[in-house]
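There are 2 protein chains.
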Amino acid sequence: MTTYDIAVVGGTGPQGRGLAYRWARHGHRVVLGSRDAGRAQATAQEIAERVPDAAVSGATNADAAAGADVVVLAVPYDGHDELVTSLAEQLAGKVVVSCVNPLGFDKRGPYGLDVPGGSAAETAAALVPEARLVGAFHHVSAVTLWGEEEYLDHEDVLVCGDDVDAKQVAIELARAVVSRDGVDAGKLRIARQLEPWTAVLISVNKRYKTRSGTRISGLPE
Amino acid sequence: MTTYDIAVVGGTGPQGRGLAYRWARHGHRVVLGSRDAGRAQATAQEIAERVPDAAVSGATNADAAAGADVVVLAVPYDGHDELVTSLAEQLAGKVVVSCVNPLGFDKRGPYGLDVPGGSAAETAAALVPEARLVGAFHHVSAVTLWGEEEYLDHEDVLVCGDDVDAKQVAIELARAVVSRDGVDAGKLRIARQLEPWTAVLISVNKRYKTRSGTRISGLPE
Chain U
34 MTTYDIAVVG GTGPQGRGLA YRWARHGHRV VLGSRDAGRA QATAQEIAER
84 VPDAAVSGAT NADAAAGADV VVLAVPYDGH DELVTSLAEQ LAGKVVVSCV
134 NPLGFDKRGP YGLDVPGGSA AETAAALVPE ARLVGAFHHV SAVTLWGEEE
184 YLDHEDVLVC GDDVDAKQVA IELARAVVSR DGVDAGKLRI ARQLEPWTAV
234 LISVNKRYKT RSGTRISGLP E
Chain G
34 MTTYDIAVVG GTGPQGRGLA YRWARHGHRV VLGSRDAGRA QATAQEIAER
84 VPDAAVSGAT NADAAAGADV VVLAVPYDGH DELVTSLAEQ LAGKVVVSCV
134 NPLGFDKRGP YGLDVPGGSA AETAAALVPE ARLVGAFHHV SAVTLWGEEE
184 YLDHEDVLVC GDDVDAKQVA IELARAVVSR DGVDAGKLRI ARQLEPWTAV
234 LISVNKRYKT RSGTRISGLP E
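Chains as they are written, first to last, in this note's numbering: chain U, 34 to 254; chain G, 34 to 254.
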């Protein structure tokens, strides 16, 4: 297995923290990013307590991204465009994995927001054309990520992107989370479907009082 | 199990024919609808040959819909609005299950079309406010539906709708297809996510040369 240097931008949020924990637990080197380096270090410390031999630390988003091979965007959609723009220099040339879910909530439940650029992943690609954008890890629940299970092997990670080699990195990074390769779901544009699918899972969760996940059937073993 | 009188509008298309076969095979009474009653009768005959004790026949779309408890819309998105408008009288008061997938295809693969009303299911609901619209059965592959397997039990049927009783009918109708209840995915608006998700499955199929399906993990047994 290739070991990556991963920066998780938004690494103190529930999704970012959970993914960082999974990658640290399974041998990758992770730097959590936050606007506040102190908060990132505190979350890194929480992970280090759970995974004693973890290579995990905290820094500002910019410092975290600057030192990584792979930058994971695990930030809320609100403020996403400004954040990506501010990190343009650090993201250029990197594999950038967007896990961003542009969702709204009202009395009918969760729904996919209208994203002017089609999806958050495509928007990031347009804002930083030199970044190698991939969409992935939208659907895994933050609570399950942070839990004790060795792997979330009842779920699949769907991956999309236009840069085949960058997409392959995300496909490999899925192994630390679900115990198997991510599923290649096609071009970056498919992020328009992957991102708001999270609304379906949240809606199912509400009705069944569970944490649902998505599994793709019919794939080769 | 409640036995329903089901009209499948667009019943000679691959998706409609496959669903009709599943319902006829598992004890429902099915009338296939088509613009051409003769073609509907020919497809009904094909199903009858495979399911000797099936209650299956063919008629025009309007005649099929007029006599049914449940009307399934298994038509292409192209022409959908005109067809639904033309059947307004027959759909009024009925449980109407939309399986319509508004998809486009170009060199980047399949993609969800921009639907002015949000989704095909919501558009039908707006066109015929007296119909009890449900969205369901978007993702099951036509080829698998028409195959020999007793049930497509590696897949889930996701169901959405604002009319709770109508939604329950579609949840029950899933049993004949996947051997278990459909998954309640929330309000009709969730059709905006369910319909274009089919683009993801088609994209996965292309890459893995398979017929993929969607399974929801974490549901109560």
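Some clues are possibly wrong.
What the hints assert, rightly or not - With a Cα cut of at most 25 Å, we get these calculated DSS-like pairs of lysine-lysine:
#: 1; chain 1: U; residue 1: Lys242; chain 2: G; residue 2: Lys220
#: 2; chain 1: U; residue 1: Lys220; chain 2: G; residue 2: Lys242
#: 3; chain 1: G; residue 1: Lys239; chain 2: U; residue 2: Lys140
#: 4; chain 1: G; residue 1: Lys220; chain 2: U; residue 2: Lys140
#: 5; chain 1: U; residue 1: Lys239; chain 2: G; residue 2: Lys220
#: 6; chain 1: U; residue 1: Lys220; chain 2: G; residue 2: Lys220
#: 7; chain 1: U; residue 1: Lys140; chain 2: U; residue 2: Lys242
#: 8; chain 1: G; residue 1: Lys140; chain 2: G; residue 2: Lys242
#: 9; chain 1: G; residue 1: Lys220; chain 2: G; residue 2: Lys140
#: 10; chain 1: U; residue 1: Lys140; chain 2: U; residue 2: Lys239
As the list claims (entries may be wrong) - Derived coverage of chain U by chain G (criterion: at least 3 residues anywhere in the stretch with Cβ under 8 Å from a Cβ of chain G; other residues may be distant):
#: 11; region: 47-56
#: 12; region: 90-102
#: 13; region: 223-231
#: 14; region: 247-254
These aren't lab readings, by the way, just hints derived from the structure by calculation. It should be emphasised that the depicted structure is a prediction, and the values quoted were computed from it without experimental measurement. Using N, Cα and C, we set each Cβ at its ideal position, and we do this for glycine too.
For each hint, the structure was consulted:
1. U:Lys242 to G:Lys220: Distance ~16 Å between Lys242 (chain U) and Lys220 (chain G) Cα, so the pair holds.
2. U:Lys220 to G:Lys242: holds, 16 Å
3. G:Lys239 to U:Lys140: violated, 38 Å
4. G:Lys220 to U:Lys140: holds, 10 Å
5. U:Lys239 to G:Lys220: It holds: about 12 Å lies between the C-alpha atoms, which stays within 25 Å.
6. U:Lys220 to G:Lys220: Not OK: Lys220 (chain U) and Lys220 (chain G) at ~29 Å, beyond 25 Å, violated.
7. U:Lys140 to U:Lys242: Measuring from Cα to Cα gives roughly 17 Å; hence the hint holds.
8. G:Lys140 to G:Lys242: Answer holds: Lys140 (chain G) to Lys242 (chain G) is near 17 Å, not above 25 Å.
9. G:Lys220 to G:Lys140: violated, 33 Å
10. U:Lys140 to U:Lys239: holds, 13 Å
11. 47-56: With 0 residues in contact (Cβ-Cβ under 8 Å with chain G), the coverage given for the region 47-56 of chain U is violated.
12. 90-102: violated (count 0)
13. 223-231: Since 6 is at least three, the answer is holds.
14. 247-254: holds (count 7)
In summary, the numbered hints that this structure violates are 3, 6, 9, 11 and 12.
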